[in-house]
Amino acid sequence: MHVTSPVRTPLVTGGKTYADVTEDICKQVEGKPTRAWTIAFVISFVVLIYGTCCVFWTWWEGLGVWGLNKTVGWAWDITNFVWWVGIGHAGTLISAILLLFRMKYRTSINRAAEAMTIFAVICAASFILMHMGRPWLAYWALPLPNAFGSLWVNFNSPLVWDVFAISTYFTVSLVFWYMGLVPDLATIRDRATSKVSRYIYGAFSLGWNGGAKTWARYEYISLILAGISTPLVLSVHTIVSMDFATSVIPGWHTTIFPPYFVAGAIFSGFAMVQNLMLITRVVFKLEDYITFEHIESMNKIITLTGSIVGVAYITEFFIAWYSGVEYERYAFLNRMLGPYWWAYWAMMTCNVISPQLFWSRKIRRSVTWTFVLSVVVNIGMWFERFVIIVTSLHRDYLPSSWAMFTPTMFDIGDYIFSFGLFFTLFLLFAKFLPVINMFEVKAIIRSASEKLPASVSGVAKGERVTSPSFNKNAE
Amino acid sequence: MSHHNDSAKFLVGVYDDDEVVLKAVTEVKSAGVRIHEVYTPFPIHGLDVALGHPRTRIGIAAFLFGLTGFLCMVSLTYYTMGSDWPMVIGGKDNYAYPAYVPVMFELTVLFTALGMVGTFLVSNGLGPTTKPLMFDLRSTDNKFVMAIDLGKNKKSEAEIATVLRASGAAEVNVKQF
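Residue numbers (the numbering used here), protein chains in the order written: chain A, 1 to 475; chain B, 476 to 652.
It cannot be assumed that every hint is accurate.
List of simulated lysine-lysine pairs, DSS-like, C-alpha gap at most 25 Å [stated by the list, open to error]:
no.: 1; chain 1: A; residue 1: K27; chain 2: A; residue 2: K362
no.: 2; chain 1: B; residue 1: K629; chain 2: A; residue 2: K213
no.: 3; chain 1: A; residue 1: K195; chain 2: A; residue 2: K431
no.: 4; chain 1: B; residue 1: K484; chain 2: A; residue 2: K213
no.: 5; chain 1: B; residue 1: K567; chain 2: A; residue 2: K213
no.: 6; chain 1: B; residue 1: K606; chain 2: A; residue 2: K195
no.: 7; chain 1: B; residue 1: K606; chain 2: A; residue 2: K213
no.: 8; chain 1: A; residue 1: K285; chain 2: A; residue 2: K431
no.: 9; chain 1: B; residue 1: K650; chain 2: B; residue 2: K627
no.: 10; chain 1: A; residue 1: K104; chain 2: A; residue 2: K300
no.: 11; chain 1: B; residue 1: K484; chain 2: B; residue 2: K650
no.: 12; chain 1: B; residue 1: K630; chain 2: B; residue 2: K650
no.: 13; chain 1: A; residue 1: K195; chain 2: A; residue 2: K104
no.: 14; chain 1: B; residue 1: K650; chain 2: A; residue 2: K213
no.: 15; chain 1: B; residue 1: K629; chain 2: B; residue 2: K650
no.: 16; chain 1: B; residue 1: K606; chain 2: B; residue 2: K504
no.: 17; chain 1: A; residue 1: K213; chain 2: B; residue 2: K498
no.: 18; chain 1: A; residue 1: K213; chain 2: B; residue 2: K627
no.: 19; chain 1: B; residue 1: K650; chain 2: A; residue 2: K195
no.: 20; chain 1: B; residue 1: K627; chain 2: B; residue 2: K484
Since the hints were made in silico from the structure, they are not lab data. Remember, it's a predicted structure, so these values are computed and weren't measured experimentally.
All chains, full assembly: derive it from the sequences and hints.
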C-alpha cells in the first residue's frame, strides 16, 4: 500500500478521491475544446503550414537555400536536431529513471513529459531528413547493400549508430507511453457517452479491464521497460555527442562530450517540461495535481544538470589549454572572443548563471520565475549547440577558407516548422488524451471513502482524511 | 479474458477501498469461496499474491527477445563488416567489434521492448478488437470489483453474497454474460 509519511507534503492536494481524479482529468478529454485551446491550436497550425511551405521549398530547391557554405557545412540543421533530441530526453528520464528511484512525484508529470519526448524526437528526426537534402534516399542510412550493390553502411560510424539509437529510442518511448495510456484509455472508454468515442477509445484501450493478473504483469513489464529505457536514454545522447567527438575537428574531439551532452539534454528537457506543464496546469486547472512540490523538484534537477553543464564548459577550456595543442586552444579562444562571442556569452549566461537563481527557495517555487528561467535555459541550450557546431567549423586550419554563417529565411522557416509541428501535436495530445496518468495518481493518493466503516479498513477514517494537506505557498 | 464460458453467471462484489478489497480477498478465500478475479482501477501491490496468481514468467520472454536482438546485430555486423565486404579502417581488424557495441545494445533494447510488450498483449488477450469483459464499468474509475463464478463454486448464491458483504463489499450484484 502507498503510505505517505505525515511529514511529507502530499503530492496531490485538495483532498482528492479516486473519483475526483477521474473526473478532473477526463473532463478535459470529454468536454468541448476551450477557447484558449482553440486559439492556441489555430496559431500552431498556421505556424506549421508556414513551416511546411519552407520545408517543401528546401526539398524542392535543395540545401542551397540555407546559409551553408564551403566551410560551414553543418549549422542550424544539426543545431536544431541536437536541441530537439536533447529536449526529448526528459520524458523517458522522468518515467524510467524516476520510476527506478521510486520518485512518486513523477506520476503527475510523466504522461505529458513522455508525449513531449515523442513529439520532440519527431521534430529532431525531421531535421535529419531535411539535412539529407534528398529525403527520398533516407533509406540509404539503413543497413541495406548500398544502392543494392554490395557495399554496406559503415558500422564504425557514429552516424550509423545514431540511426539505430534514435529509431530505437523513438520506438521504445512510444511503446512505453502507449502502454501507460492503455488503462487510462479504458477509463475514458467506460465513461464515454457517444458511440464514436466508445469505439475509438475502445479500440485503443485494447480491451483492458484491470484484472489483478493483468496488473501484476503490467507492473512487471513497466519495470523492465524502465530498466532498459534508462541505459537507452543515456546511450542516445552519448551517441549524438559521438557524432562530434569521434571527428578530429578542434572543439569537437573531446572525451567529455558524452556526459556533458547527457546532462545538457536533461537540463533542456526539464526546462521544456516546466514550460509545458505550467501552461497546462493553468489552462486545465490542474493546480492540485501539479503542485509547487513538483515545480520545485524539477527546478532542483535543472539546477543540478545546469551546474554539471557549467563544470563541463570550464573543463573543456582547461583541457584545451592543458593539451598544448595550438588549434585546440585557438578553437576555444575563438569561441569566447571571436566573431561569435555573443553566442558564446549568451550560452554561458543562460546555462550557467541563470539556473543558479534556483538556489533561492522563493524563486524555485515561483511560477513566473520558473517559466521565464525555463525559456532562458532552452535559449541557452540552443546557443550551446550553435556554438559547438558553427564556431568549431567557421575558422578551420586554412585561414583563407574562414567564413561566417548567416541564416537565411529557410534556415529560420525550417526551425519554425518544428515549433509548429511540436505544438500542434502537443495540443492534440492535451485535448484527446488524458494529460495526467490517472491510474498512477490514484495509486499514490489515499482515498477518503465516505462509506468506509472504520473497523473494516483497519485504519481509522479520521486518520485517513486528515493527512496533512497543507499548501505552503498557495498562489 | 478469452477463456470465460459464455453462459457464465457471476456474483460481483463492489468495494470502495483498495485496502478493504485486499483484506477481503483473504477473507473470502478462507470462507471457501473461489474468486474468479479482482478488477481494480490501479495496481494494488500484493493483490496477485493474495489471489494466488503464479508469478509472471514474462521476464524470461523479455530476456530471450533481448538475446535474439543482440545475436541479430552480432551476425549482421559480422556479415557486413567482417565477411561480405571487409574494409580496413584505421588499420584495425575488419571485424572491429568494440565499435559495434552501440548498435548491438540498441537492437537488444529494441527487441526486448517490442517482444516483451507483444508477449504481454498476447498473454492477456489484449488487442484492438478485444471486447473488454467488464463486471462493473466503475472498476476503471473508483471501484474495486471482485468477481465470483457461481458455476465454479459449491456454495449457494445467497451464502456467497453474505461472505462478500461481511468482507466489506458495499454492493453485491449479479452479472450474466
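Please work out if A:K213 and B:K498 have their alpha carbons no farther apart than 25 Å. The hint holds at about 17 Å.
Verify the proposed pairing of B:K606 with A:K213, using a straight-line Cα cut of 25 Å. Holds, because 18 Å separates the two Cα atoms, which is no more than 25 Å.
Given pair status - A:K213, B:K650, alpha carbons within 25 Å: Within the cut-off at roughly 20 Å; holds.
Given the hinted pair B:K484 and B:K650, is their Cα-Cα distance within 25 Å? holds, 6 Å
Are the Cα positions of A:K195 and A:K104 separated by 25 Å at most? violated, 36 Å
Given pair status - A:K213, B:K567, alpha carbons within 25 Å: Status violated; Cα separation ~52 Å.
Would you check the hint for A:K285 and A:K431, treating anything up to 25 Å between C-alpha atoms as holding? holds, 14 Å
Run the distance test for A:K213 versus B:K627: straight-line Cα separation, threshold 25 Å. holds, 19 Å
Run the distance test for A:K195 versus A:K431: straight-line Cα separation, threshold 25 Å. Holds: A:K195 and A:K431 sit about 18 Å apart, inside 25 Å.
Proposed proximity, A:K195 with B:K606 (alpha carbon, max 25 Å): Answer holds: B:K606 to A:K195 is near 15 Å, not above 25 Å.
Holds or violated: A:K27 to A:K362, with C-alpha atoms at most 25 Å apart: violated, 33 Å
Keeping to a limit of 25 Å between CA atoms, is the pair of B:K627 and B:K484 held or broken? Holds: B:K627 and B:K484 sit about 10 Å apart, inside 25 Å.
The structure is inconsistent with the numbered hints 1, 5, 13, 16, although it conforms to all the rest.
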